[in-house]
Amino acid sequence: MLTQSLTAALLVLGNTEGLPWMTPPWEAITNIHRLPWLTIDGASEDSPAPFVQGWTMQLASKVKAFVEKVWTLKKPDAQDTFVSTRKADNHSTGHEVWSKFVKDNQGKWGINQIIDDILYNASQSPQSCMISIHRNMEEAQILEWQKSLAEQVLGLAAYVGITSLLKPDVG
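End of the sequence shown = 171 in my numbering, gap-free, step of one.
Don't read these hints as lab results, they were simulated from the structure.
Careful: at least some of the hints might be erroneous.
Here are the simulated DSS-like cross-link-like pairs (lysine-lysine), alpha carbons at most 30 Å apart as the crow flies [as the list claims (entries may be wrong)]:
# : residue 1 : residue 2
1 : LYS69     : LYS100
2 : LYS87     : LYS75
3 : LYS75     : LYS103
Computed spacing ranges between beta-carbons, pair by pair [said to hold, decoys possible]:
#  : residue 1 : residue 2 : range
4  : ASP41     : SER123    : 26 to 34 Å
5  : ASP117    : ASP41     : 36 to 44 Å
6  : GLY42     : GLN124    : 46 to 54 Å
7  : THR81     : GLY107    : 22 to 30 Å
8  : THR85     : GLN113    : 24 to 32 Å
9  : ASP104    : PRO126    : 21 to 29 Å
10 : THR93     : TYR120    : 36 to 44 Å
11 : ASN121    : ILE40     : 39 to 47 Å
Ideal Cβ positions, reconstructed from N, Cα and C, are used throughout, including at glycine.
Let's have the full structure, built from the sequences with the hints guiding it.
Structure follows, in structure tokens:
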């Protein structure tokens with residue numbers, strides 16, 4: 001089963017209706033209320049970015065260019081490779097700023113604890129979940145713990161319409 005790093009997943013999901021960044025549960029977790037890389041037209045490069053403390057508009061623009069490059073890569077493994085590879089190119093600054101942002105904040109957000117709590121409440125271990133997903137992915141669209149995680153982190157925006165099916169990029 002292919003998985004993506006948190007650094008890559010947060011970018012890739014940002015291209016799916018703004019998930020997770022535009023959902024109330026995620027906003028409450030991160031205290032960021034829009035896509036972090038959004039910029040304001042006409043603002044000077046040295047003015048503060050609107051949603052990430054410590055970023056300037058110039059840094060937010062560089063992160064945005066990096067994000068848009070990741071979005072052009074359609075395969076998750078290509079996206080993850082691009083995000084995890086450090087090389088000097090037009091996206092180096094955006095890449096470094098984004099990676100540092102995720103690294104500096106992921107502990108504050110408590111994502112691992114949220115996942116641990118959901119797995120514990122479902123009487124699952126990470127290993128049992130991975131085995132179960134691998135064996136049953138074709139038989140069942142999604143496991144109950146995945147729905148719990150998606151709902152806690154993304155809220156109702158994780159679902160297709162008013163159904164109980166998770167959006168493909170979420171599941």
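Hint check results:
1. Restraint check: the Cα-Cα separation between LYS69 and LYS100 comes to about 18 Å, which is no more than 30 Å; the hinted pair holds.
2. Annotation: proposed proximity of LYS87 to LYS75 holds, straight-line Cα distance about 20 Å (limit 30 Å).
3. Distance restraint check for LYS75 and LYS103: the Cα-Cα separation of roughly 23 Å lies within the 30 Å cut-off, and the hinted pair is therefore satisfied.
4. Judged by the Cβ atoms, the range 26 to 34 Å given for ASP41 and SER123 is violated: they are separated by roughly 51 Å.
5. In this structure the supplied range 36 to 44 Å holds for ASP117 paired with ASP41, their Cβ-Cβ distance being about 41 Å.
6. For the hinted restraint 46 to 54 Å between GLY42 and GLN124, the CB-CB distance of approximately 50 Å keeps it satisfied.
7. For the pair THR81 and GLY107, the supplied restraint of 22 to 30 Å holds, since their beta-carbon distance comes to about 25 Å.
8. Under the hint 24 to 32 Å, the C-beta atoms of THR85 and GLN113, about 29 Å apart, fit the expected range.
9. At about 24 Å, the CB distance of ASP104 to PRO126 agrees with the hint of 21 to 29 Å.
10. Checked against the hint of 36 to 44 Å, the pair THR93 and TYR120 passes, with Cβ atoms roughly 40 Å apart.
11. Distance hint check for ASN121 and ILE40: the Cβ-Cβ separation is about 41 Å, which falls inside the suggested range of 39 to 47 Å.
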